[in-house]
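4 protein chains.
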Amino acid sequence: AKKYTKQIQFVEDKQEFSRFPTKAGRRSLSRSISQSSTDSYSSAASYTDSSDDETSPRDKTQLNSKGTNDFCVKNIKQAEFGRREIEIAEQDMSALISLRKRAQGEKPLAGAKIVGCTHITAQTAVLIETLVALGAQCRWTACNIYSTQNEVAAALSEIGVAVFAWKGESEDDFWWCINKCINMEGWQPNMILDDGGDLTHWVYKKYPNGFKKIRGIVEESVTGVHRLYQLSKAGKLCVPAMNVNDSVTKQKFDNLYCCRESILDGLKRTTDVMFGGKQVVVCGYGEVGKGCTAALKAMGSIVYVTEIDPICSLQACMDGFRVVKLNEVIRQVDIIITCTGNKNVVTRDQLDRMKNGSIVCNMGHSNTEIDVASLRTPELTWERVCSQVDHVIWPDGKRVILLAEGRLLNLSCSTVPTFVLSITATTQVIQTLPTVANKQQIAVYEYVASLHLPTFDAHLTELSDEQAKYLGLNKNGPFKPNYYRYKCPC
Amino acid sequence: AKKYTKQIQFVEDKQEFSRFPTKAGRRSLSRSISQSSTDSYSSAASYTDSSDDETSPRDKTQLNSKGTNDFCVKNIKQAEFGRREIEIAEQDMSALISLRKRAQGEKPLAGAKIVGCTHITAQTAVLIETLVALGAQCRWTACNIYSTQNEVAAALSEIGVAVFAWKGESEDDFWWCINKCINMEGWQPNMILDDGGDLTHWVYKKYPNGFKKIRGIVEESVTGVHRLYQLSKAGKLCVPAMNVNDSVTKQKFDNLYCCRESILDGLKRTTDVMFGGKQVVVCGYGEVGKGCTAALKAMGSIVYVTEIDPICSLQACMDGFRVVKLNEVIRQVDIIITCTGNKNVVTRDQLDRMKNGSIVCNMGHSNTEIDVASLRTPELTWERVCSQVDHVIWPDGKRVILLAEGRLLNLSCSTVPTFVLSITATTQVIQTLPTVANKQQIAVYEYVASLHLPTFDAHLTELSDEQAKYLGLNKNGPFKPNYYRYKCPC
Amino acid sequence: AKKYTKQIQFVEDKQEFSRFPTKAGRRSLSRSISQSSTDSYSSAASYTDSSDDETSPRDKTQLNSKGTNDFCVKNIKQAEFGRREIEIAEQDMSALISLRKRAQGEKPLAGAKIVGCTHITAQTAVLIETLVALGAQCRWTACNIYSTQNEVAAALSEIGVAVFAWKGESEDDFWWCINKCINMEGWQPNMILDDGGDLTHWVYKKYPNGFKKIRGIVEESVTGVHRLYQLSKAGKLCVPAMNVNDSVTKQKFDNLYCCRESILDGLKRTTDVMFGGKQVVVCGYGEVGKGCTAALKAMGSIVYVTEIDPICSLQACMDGFRVVKLNEVIRQVDIIITCTGNKNVVTRDQLDRMKNGSIVCNMGHSNTEIDVASLRTPELTWERVCSQVDHVIWPDGKRVILLAEGRLLNLSCSTVPTFVLSITATTQVIQTLPTVANKQQIAVYEYVASLHLPTFDAHLTELSDEQAKYLGLNKNGPFKPNYYRYKCPC
Amino acid sequence: AKKYTKQIQFVEDKQEFSRFPTKAGRRSLSRSISQSSTDSYSSAASYTDSSDDETSPRDKTQLNSKGTNDFCVKNIKQAEFGRREIEIAEQDMSALISLRKRAQGEKPLAGAKIVGCTHITAQTAVLIETLVALGAQCRWTACNIYSTQNEVAAALSEIGVAVFAWKGESEDDFWWCINKCINMEGWQPNMILDDGGDLTHWVYKKYPNGFKKIRGIVEESVTGVHRLYQLSKAGKLCVPAMNVNDSVTKQKFDNLYCCRESILDGLKRTTDVMFGGKQVVVCGYGEVGKGCTAALKAMGSIVYVTEIDPICSLQACMDGFRVVKLNEVIRQVDIIITCTGNKNVVTRDQLDRMKNGSIVCNMGHSNTEIDVASLRTPELTWERVCSQVDHVIWPDGKRVILLAEGRLLNLSCSTVPTFVLSITATTQVIQTLPTVANKQQIAVYEYVASLHLPTFDAHLTELSDEQAKYLGLNKNGPFKPNYYRYKCPC
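Chains as they are written, first to last, in UniProt numbering: chain V, 1 to 490; chain R, 1 to 490; chain W, 1 to 490; chain U, 1 to 490.
Hints are all accurate, no fakes.
Since copy identity is lost for identical chains, a pair holds within one copy or between any two.
Here are the simulated lysine-lysine pairs, DSBU-like style, with alpha carbons at most 30 Å apart: (1) Lys398 to Lys101; (2) Lys297 to Lys355; (3) Lys398 to Lys325; (4) Lys343 to Lys469; (5) Lys325 to Lys355; (6) Lys439 to Lys233; (7) Lys325 to Lys297.
The hints are simulated quantities; they were obtained by calculation from the structure and are not laboratory data.
Please take these sequences and the hints and turn them into a complete structure.
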């Protein structure tokens, strides 16, 4: 363990986390593993024990089949159900499985004592069990009081991971669980894996001495990253921290490729709208906008783009989209999709001029893009047609269909593929490895990418010695300059 | 009415209904308005009276607000809910609304006494109310014992349409309802609008004299068309009949354009699979296969095609797909989609060789394409993951994900846009018009198409006199030769 | 030969040639093998003997290396050059080569005495030599006084084909050559392979007795087909004739797939225009229009469509194009492309309103679509920028770039791939085969298609007995109904 | 002028020019304005005086119509021809024309004395005349002894720009011309606009005192940038220098968007190959590879990708391309396109295994990617089919078609749209403006982009005060972080 704590050194750019508070940066909060697990959960609801056991888990005494009780979950007997879900998730997370295999025997995380605070889902279970397989000791809690899959928590507890989490915790439960993770006699955590920053903050505040012994913080949410940056600015972040959120691999997949698929999925699930022939305006031509426009164009929609930035505008032109001001097309479009990270991109005045039956939704940042508040006035009637779908009705009978009340469509109304979660989870695991220390971040991302290529049966070409020399590169990479580690802004 | 019965003459090609029993022809049964209404229904379930009223509608006495009781529905008090759903459906069926407007005053269907037997949904309500607006008297029943939206039936009854239908009829109820439609004193139907042929057959068998007075049968399902053709071959079809199923407009939309969208929708709703980078084999490159491949290619899948027909194969090549035998790629593909109309296109032997986690589904004809029966053997375990999704598990743990037990994916797991239903419904209405008599069918389809152009704000160019003369065409069409009325086979 | 003349029976639908004189039908004239060979010729110019030998071939005495002189070409010594070109063409016409191999030994054309009148190019040479390899005796002449590749004519003469053709014939030469083909003592042709109908007409007029002995006419141009149809209507066509022009395989390839490529090629070669971001209006959404719009959309252009036909309009909408009247967009578009088969689709009035620097060109029928005549007025200046490119300059300095003076862009300014010519040529050869008699035309086209699949390494799936029975099809096809033989109009 | 020399301050990152010597960086040399002007030149050849005047321009005395003789060109009388070409070029360079208009009156370049050394073409003439319109005094010479359009040089001289250049200079002429530009009594240049670095080097070596008075060097070629970087490293670059080559706007357009178009153009012009159904392997999936694959996929080719970099590989997978090693597909592909910047990507061993008739070409860096040298062995026959096209023939008759002898296809065999040249030229002009000083480079590029939006009639959305505040941005930009100025590497 000595060697471990010495070796670990986190990347040099921790202060850069929020340096570029662009729209793309801000919005990525919402695409973290957490949100998507909500969806996973609901679909898995059938597995959950239906006997409405009202007793608080804190008041129960449960033993797993090995006879240990260092955990607190809803019902340890659901472990078998949870195991099945974890196995299904493993199928789409083969990068983590291959990581387990590569490290077999060596135990590169021997000596690592990790406390984690994430959503507890089948996908995170695969992540946690990978850490264990690599030699780490893990104690885990939930970052959200609603999102825990009880059967998955049970399955983890059954194999000896100390999990403290259940669906429907009170706020008091929430902090009690966090504290149980950390405060164990004779066990001093040396690494934090956090989603949102609550665990980090608790350690920082309640265990200032323990905090100094932490050798690394891996944070994946924008909120958590922001909190770390505040700490760092205040000179109080003595611990190396790693921003998982902004990696190129995660961003490209989350934004361009996933939005390309989820815009279609979200619209279909909520409205059954036919895409062919529809006139759509996409506000914003960053990665998210690029994904949305590409998908809709491919499905036969006629797509317009609005942009504030001349370079993105020129790209939109070259990609075959008319760049307009929203007001120019507001009366004719069937669908408006916001992807700007900005606020009030669609105003009440514009909503007033939309066609009967048109759809408005948001793929961008939080719920500010569409001025939903302006629609809550007495002369307009809201009719909830089904979950996530409201008809807002004007006095003359015109209806505008508002999705997810202006919140993120792809989180509320579609799911995120496990493959994407796998990329993030693999990055998280790799960041905990001591071998990562001193490496350029770009090398880390290239390694994460390479672990995902077998999914596509993709075969990398290898440089010959002569070629590597000609290019001035190492044969094993990194192949890109280190500034590439930032999410690509174009 | 005299004038009416004289004028009406149905198309000359009634014997051609089933002349070309190709795959495309057969499969279209499943895409009739009926099936899709099942989906609509479920999503609208929330509107339905939740008080589980066990009394049979046949035992109830109900009055609508006008004080009449010539109907039999679950609960006339649900009329208001139903009205709202009809209004929502009207938004996407503007072709029918415009037809009502064009015919205002003239009442072209004055004298028409129509008995109908279709699914009773918000969409068919728009159809029925259009017939009424054009001057017809209508009596209606359901073609399926499960698919009736009770609140829609109530809304129709409330405005005076004689509806006999409710969700959950017994078989005895079913025929009782059909009979109530026909057998009304002093009212002799002169037209049948059927979906499946049950109504037609009942009239033919039970009211042979009444059958002779029918001036037209409009049939939209393949099954019904087939039954009419049998009758015709036996020399017993004295009534002109119209095949709505095979119109170019319906086929192009149902097959190419809808499948392009529904393949994505069906796969996402059931499996959340990410399309990007996936290897997919599409069996069959007819219209359905063309739609599926186009969509998946656009979403970043790598698509292979299998075909038996050299011409379709050559098209697949030119469209950028490798044409292979299924066995060549069976070990590497992630998804198999059948669109052939054939049987046993995917065999047990092939399923044995598929990868762990691969998906198999059917967009073609009934459930014969995948040899599902061969999977029901003791050594394989079936695990129902959620509605329409089964994991079939091999002894070595390999899982193959089977969707909708091999039935049609787009009917079971996705919805059909109202716009497509509108095309069919508009064709049905137009076929009832006496003005259609003596017209070439292609002119009918061109008219149906023209009624749907305003949805897209599309503006037709008109021929000048000089141009019409040059082309040898009438300025108002038809613009295509009449053989174009057949669904296009390429 | 007895057996041959008996067996041969041409298709039953000879009277249908021009039955549907739609735009698509008419325009196909221009895409026959003839026109494209013009391009081939020019690119091959370098091979031609540069010594400007002024002597007329008719005045020369030449012997080939076998010592025979039954031919009349420019210079028999160019044979070696021509042979090389033929060999290059053979690489892209592997269907014909495979046909030669399949028929090896049998000589299915033994007894056939074919007179041919086509463009004489490397591609037609592959066709002619295939006929010879299959056992036919051939005499050949040129259908155009300019398009002959002299070196190819020499190469054919060298191996013993009686060719009478050279580049730059006078009209008198033209008919002299035709006559030399037919009028040979002791040799009575029994089959005609024509392009344009001049040869057929000559035989009909000058050799009425010989005409009656003809057992088949294979005609590939629209003009020739039209002339045959006139003859047929007048009751004077006693000979079975075959329309090669309208086959599905040829039409799909010539129109949709080739235009998809040649619109880009034609525009680039003439104007170097960048497609990305350009606003383009495509007039007409038939196969040609579908090909042009697909290509330009893919290259990032913003494409509008004009149409007179509601069904094509609806297709354009669903494919993602705004359907407009030309006047709505005339002031904003950068490029107009006509594909209608109509006349005066772009009028002077509209040209007056186009932007400075905009481009106008025609992919449709002859040169009637753009009203080019209206631009030849004194106030407009024409500036020839380079071959096929004129700047028409308005008094205020505005320039409109007119390509090929409104003639077909893809013939004047781009080339046709040999692969497409191969499809036509293969169809022509197959139509001459006695085995074709009594076959459904669709079977012929499916066979032609199958011969071209090896080019793409495409592997057809074969029906099992059980499947064939289920589908009611012969295992070897035809797989489509016979009405499919018509070019598909949608 | 005082004010000017004070104000001007070049960007802070001059030392970064060659910091990232990646493949993309290296290859961009070849896409500078220079190479493309070669193409322009040839197409304009017809305008050039055909009377072969053998007298050296240095020995002639010519006067322009104003009576001045401070120039040395081939023939001042060709000025009118040149003027017409410049006017045509102006049509596609409206950004420069708008720049002239915006600066009307102000003369922001008053006091600037610019010596320039670039290709002298219609496009650069528009650039030079813009500098003059903005108030600069210009003296110009050619950076290449072959590429000068004589008539354009004449047109510039006619309006008073001191041009010293003609087509076909000797090396002595070349340096004499450069010297004439600089060495004029009473005229001390304070700015250099260079392409290749020869002018800069001459001033540095021959006029060391003058060099110190230079206030800015604008260099657009990679070679020139490299030479400046060497100077800078040696501590001898006292003058601020600006790298025009690596701007985001130029790179995106040159690589992604132009290659998307020029790969098709280059292949068609040389081989007339049909793209549909062809199997193509693209080596390298950077911007160039992305453009090539997108275009070919859209045209119906089946495309494989080879890559060394896992991140680019993952992108290729998600974009729908199989990532393979070249050896896996070498026997089946029809076309190989190299876009790697690497050497010997296609080896003799691989060429030996290619199919008969397959095509090999290079879109990447110089001529190293294909091992062309290995093909120059006695057993292989080279046959020059036409300009830029060689058939390499193996002993067994197999032919491989090699384009441009492995040099850049898009420079040798296609043209570069003037619009792209306009982006570079506009960047060059803007870099000379004193107002640019102290601005972030990203702001410069955004301004250049905005000047090109009117070409597409694109309308930027403007931020409201509230929105700008919310985003923390200035309403007028820059909208992106400054690191975005680098060419985007993903």
